[in-house]
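Peer 1: Okay, here's what each chain looks like letter by letter:
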Amino acid sequence: MKESGDNMGASSKPGSRLGLPWIISIILLILLVASWSYFLIYARQPQQQIQLATRPDTLVIAMDISDAVSMDPAVAYEFTSVMVVNQLYDKLVDFEPPDLTRVVPEVAESWSYSPDGTLWTFKIRQGIKFANGDPLTAKDVEYSLRRVLILSKTAAWLLQQFIAKPEDIVATDNYTLTIKLKEKVAPDLFLSVLAFTTSAIVNPREAEAHASGNDMGSGWLTDHSAGSGPYILEKWDRNSEIVLRANPNYWRGPPSIKTIIIKHVPEPATQMLLLQKGDVDIAFGLTIDQIQQLKNVKGIRILEYPVLQLAYIGMNVNNTYLSNEKVRTAIKYAIDYDGIIRDILKGGAMKVQTIIPYPLLGFNPATPYYRDVNKAKQLLAEAGYPNGFDIELAYPAGAHPQEEIAQKIQRDLAEVGIRVTLRPMAAAEMYQKYRQQSLQLVLAGWGSDYPDPDNNAKAFGDYRIKQLAWRNMWYDDKVADLVEKAYKELDRSTREALYKQITDYILEHGPYAVLYQVVQYVAMRTWVENFVPDPSFGTYLDLSRIYKEPVLKE
Amino acid sequence: MSLYSYILRRSLYMMIVVLGIATIVFFITRILPGDPVGAILGPQAPPDVVDKVRREYGFDKPIYVQYIDFLINLFKGELGKSVSTNRPVIEDIKERFPATFELATASLIVAIVIGIPMGIISALRKDGALDHLIRLISLFGVSMPVFWLGLILLLIFYFRLGILPGPGRLDPYIPSPPRITGLVTLDSLLTGNFDVFKNAIAHLILPATVLGYFSSAYIARVTRASVLEVLRQEHVKFARSKGLSSGAILTRHIIKPALIPIITVLGLVYGGLLEGAVLTETIFGWPGLGSYLTRAMIYMDYNAIVGGVVIIAIIYSVINLIVDVLYSYIDPRIKYG
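Top line first, the protein sequences correspond to chains A and B.
Last residue of the first sequence: 554 in the numbering used here, with the numbers rising by one and none dropped.
Last residue of the second sequence: 337 in the numbering used here, with the numbers rising by one and none dropped.
Treat the hints as calculated values from the structure; they're not laboratory data.
Mixed in with the good hints there might be a few duds.
In silico lysine-lysine, DSBU-like type, Cα no more than 30 Å apart, as pairs [as the list claims (entries may be wrong)]:
id	chain 1	residue 1	chain 2	residue 2
1	A	Lys235	B	Lys198
2	A	Lys433	B	Lys52
3	B	Lys198	A	Lys258
4	B	Lys52	A	Lys466
5	A	Lys184	B	Lys126
6	B	Lys94	A	Lys235
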């Protein structure tokens, strides 16, 4: 070892071999010096950069866009993609938030239905052009809606629930479209699905020109657009940014904002820095603590609005204890609803205990349950469990605020004698077990896909469609029949009365303790004007109405 | 002696290793509880839709049939389709890997430039004030949470001083260069777009510093130990007694023999960086492999998990091979054949 070989090698060939570490070091040093000199050059540019960020014709949004899968209306079903698709395409009808109880005309200027409610006729507005200049006709609407049924992707069920086959959608002339439904359906319900982005109108010529195989252009439309909406999809760098450019042919007139940049910023703390600095105009996804820090900051505006998302505890009726309605009521009285909203959610929630969220038709403001330990204990004693029992509560692991809420419920129920074992599970595992009806108590959420009360009433009330009522094994025919009746009711006020009955019934007998309705926040610079938040997670958000005060930053 | 045939043989072994890892991960993902389709479609999706999508991905088939399909695909160079992005996993990785590669390489450069000199100085001034200071700095590096350091640097250099850009690979108003390699720095140079290049470098500085500093601590400690080891050896005393200048002793007789363990560590560090760094990626909005794989795991996205692990296994094997070949270059006693 002492006469080590490298020593010998070193002296025999000095220059060539020994140079290696030095050459590497010198290259690295040059690279480092080079990059730092760029940094120094760059250091003189930030002022200019800030001014650019307040360009009056460009809107920069920071949000997490990792959920987006496809910008094809027939495929899009995630928050980000649905929100973007709504800027790119028009639909027959639309909602104008904050009102989500009545649709407004968009491509269809009027509509009517046959007395039995199964045959619908839409009059198409004349003079609408696609972004490429093609005129939009009833034939194009026929193609687009048929396309959803033929491709039959994730969100196709929205239309498939009402329309049996593609041939039931027919353009009778250039500006008239008829749709035959499988059965009688409440008009508001059918229209609310037509307002969802799945029913958006695609330019058939562009879609077919880019079709590969029989995909009707779906591959190409994943990151291109062929619509008549206010914007055109210019670029989508996955997990980096989505860029929208104003459509010069937009029939309502070109929007004031010419470019929208949706930047992927998954970390709320980074979003906050960008917003405070003025490099982004709107931040979706700040935490409640950050919102409170920003509330009194000059130049920043916070909007607060309830969204169509309920948090609830599901109780599987198949469980020996939970099969007893008195036990379920005892649990409803054991939970400290106000404490959850005040202490865990810091006020960022709306107290709701019925299964249809605000502001939908049929929203029921009743909140009869409150924390009453004695009453809960008494109900348990009446049910035959004066000493309580052991039960498991499943919730999504590592999720906030679910984890804190689960712990709070464990403490709340312990006080009335119910010993809860917490079962945090990966979301994939939890939903699988829930679908298999194999959970006991579960802390879960339910968001409405479209703003019609039927969406929630069916899920919570009708076990036959195998959603929440079925997963909690609550096979109650009385409420299931009521839900079906409301589904088919043509008269709006009769329907509203039915939902009152349904919500009251589920409130009293249902295997759910609805905890609260989620409140969302959006923070923006005060130079952003006319941003109207959408309670439906951005499905009906209209970014084209926004304009910016041209403010230059000092 | 044929290095060429050695590399060929190692590549064959590499394929066996990768296949083995892929098989293990394949079965682990299938056996663990969880339903990727249900998780992606969410609690709302009607059961028949869930079943339909499951059939589309072939998840309704028996596991052994899925495994055979997987192997056939693998030999065709395909990794299946991701449930959460609805695209071939290989496409997703092609899109994510350049961003990770760019950041990992920049971080490695920072780590080497900081770590190796720190380690050498520390060893030469063993137990002196400088040694203690350097060891403190590197202790700080390994023990500081990356997300915290990242946020603090953003707060200082981007928010307060405004001398470095915010998160992302480029400024919002700078169009990305045409995609050639996917490396923004290289593509902008290839297309002669010097402003974009400058912007891309500026965006790399903070995340590369955070990751590089973190890794440099490790490199500095190994370098210090390795140099100390060499300093104790007779040949250094001999060189001194020969009257060689201390600079010559350092370069010819100390650093070179100390390099082997350092290279090993560099290989490991680089491999780790190329896996993607989920926290740094999240803070800096960097579209790399780390966040992709984390998301895949949350959703139990079978194909994306297995695909990602296959890629990481290949990266590690290739780096190991490069490190082994470098050994023989640094130390002629090590021969392969």
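Peer 1: Report the numbers of all earlier hints that the structure fails to satisfy, in ascending order.
Peer 2: Number 5 only.
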